[in-house]
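If you read the protein sequences in the order shown, they are chains A and B.
Following the working numbering, the residues of the first sequence are numbered contiguously, the last one being 317.
Following the working numbering, the residues of the second sequence are numbered contiguously, the last one being 255.
The hints are simulated quantities; they were obtained by calculation from the structure and are not laboratory data.
C-beta atoms are modelled at their ideal positions from N, C-alpha and C, and glycine is treated no differently.
There may be inaccurate statements among the hints.
[Said to hold, decoys possible] Covered by chain A, according to a simulated footprint, are these stretches of chain B (three or more residues, beta-carbon under 8 Å):
(1) 10 to 18
(2) 234 to 242
[Said to hold, decoys possible] Covered stretches of chain B (chain A as the covering partner; in silico rule of three or more C-beta atoms under 8 Å from a C-beta of chain A):
(3) 23 to 37
(4) 55 to 66
(5) 78 to 90
(6) 111 to 124
(7) 167 to 179
(8) 194 to 208
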Amino acid sequence: MMKNIGIIIELDNKRIKETNFAMITMARAKNIQLFAFVMDAYAASVKDDLESFGISNIVEIGLAPDQQNNPVIRAKAMINAIKEFNISMVFGLSSAMGKDLLPRIAAQINAPLVMDCFYVDLERKLVKTSQYSGKTIATIQLTGPIIVVGIRPNAIEPIKAQAFAQVLKFDSSNLAAKDFRVIKSGGIDKATNINLSEADVIIAGGRGMKNSENFTLLSHCAEKLNAAVGASRVAVDSGWVPYSMQVGQTGEKVSPKVYIACGISGSIQHFAGMKTSGMVIAINTDENAAILSNCDYYAVADALEIIPKLTKILENG
Amino acid sequence: MQIYICVKHVPDSAVHITILSKNRIDENISFLLNPYDEHAVTEAVKIKNNNPGSEIIAVCLGKNDAEKTIRSAMAMGADRGILIACDENHDSIITALALKVAIEQDGNPELIFTGKESIDAEGMQTMFRIGALFDFPVATNVVKLDIDADKAIVDCELSGGITDTYEMSLPCILGAGRGLNTPRYPTFPDVVKSKKKPIQKIAFTDLNIKDSASKMSIVEFVPLKQNREPKEIKGDANLVAKEIVRILKQEAKVI
């Protein structure tokens, strides 16, 4: 039987975030119709991109302008669309937005949900995710008429597959949220900083960065690499950088393609946040630092010396 | 004001996890109060100080041993505890149902806190499920909270330090984030006092929670193997930097 999968597309400055394409790739299979739900742009502006990854239906969800940033309204609009288009599986990114939107949807329709999945068996409704601070991989069976999965950014390589899509409009401008009002919106689609949970490359600093000023060395290098800057708990607790930059057990869990650890010793709690990274490169002056025995490449060196040189080489192409 | 905090008894992040059978881990390890829940308790104490006469109740669904986690919450300032004792682990759909019924039987919640996630299952959803069951508004990853008469004004962190500000009517559900406050760790007298505070024990089976048609069940755990074989990059700072660029280009293919 034909199954309909609904994919919640995330945009950044009106453009489709790259991380969506891997998610679409994971949802593609025989006997499956893909519906891309677009809330923050006109469907026409993203049609080509979505078609090139195999989307055959684009649903443009029209929200009232003053309601666009309200997470309760967004969830309601998605739930109505899920019902309208007979969606049996909902895919969304396990991103900052997804961590709010997906549980809101799942809770309202009492659907099972697993966040941060890096594998989905569409036929058997099995997913894989990490649990216990990244120490185990759990295979979880989802049961229910509609299931919701949050996809880990960078989990797989996106693969193109040309399709031709029809655009469907779905008016949701009449929704209201009682008890919940947005006073200020930081902007779900206006983030200018590359955010940690979705970055391809992360360059992170720890105790070895010594102070707040030295973190600018990392941000200069990050600019050249199109990377996000992260930090260990020590750097955050020392007040060098805000806690929002923290990678680890009680910080952001990240899975970039490359994680460059500068002056980070590599505690169990730090690994809990970055062990699912593709490649780990560690720079540390202490040859006994734990991270040097659990990485792909390491240099026993001072990151404060290496990083500016790295930036320079990248600048000169 | 009655403030409920849903707390979870979770394995210490530093312990080794041993898989006993397909979907069971060895639970004979050190467990503690979920770190995000500490922020919830700390915030509740702050609200209680501003609203004299308030009461803080820590509620936990867990095995008998979870009493320890309720005691930790009480040492940090919760006035009493409710343990919904069960013999097996439950998914967040059943957990939310049990917490809702227990809270409803106990009193009239104005605020219900959870941590923004638990560090074991990392499900990130129980607060929304409790909210849906009560039909109360929900916000998660709350990093700032002001209570203004019958409203809660909250800052929620999205990512990269960007926050949204929401206004919710009370009662509401709040998922505490790390930026909310600095937890106040208990002193020895706090711990002694917490031992005298009451914990009501309810059997999960007495709550008559019906099995849900929607569920999440663990099929299998496997240890995450890290097969990294560290290779050293040698040479002076220039050579190291050059080699890193080569690796990023040719091997990782990110530039």
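Hint by hint, here is what the structure shows:
1. 10 to 18: holds (count 5)
2. 234 to 242: holds (count 6)
3. 23 to 37: holds (count 3)
4. 55 to 66: Our answer is that it is violated, as 0 residues pass the Cβ test (under 8 Å) against chain A, missing three.
5. 78 to 90: Answer violated; 0 residues pass the 8 Å Cβ test.
6. 111 to 124: With 6 residues close enough to chain A, the hint holds.
7. 167 to 179: It holds, with 6 qualifying residues against the three required.
8. 194 to 208: Three-residue rule not met by the region 194 to 208 of chain B, so violated; n is 0.
In terms of the numbered hints stated before, the structure departs from hints 4, 5, 8, listed from lowest to highest.
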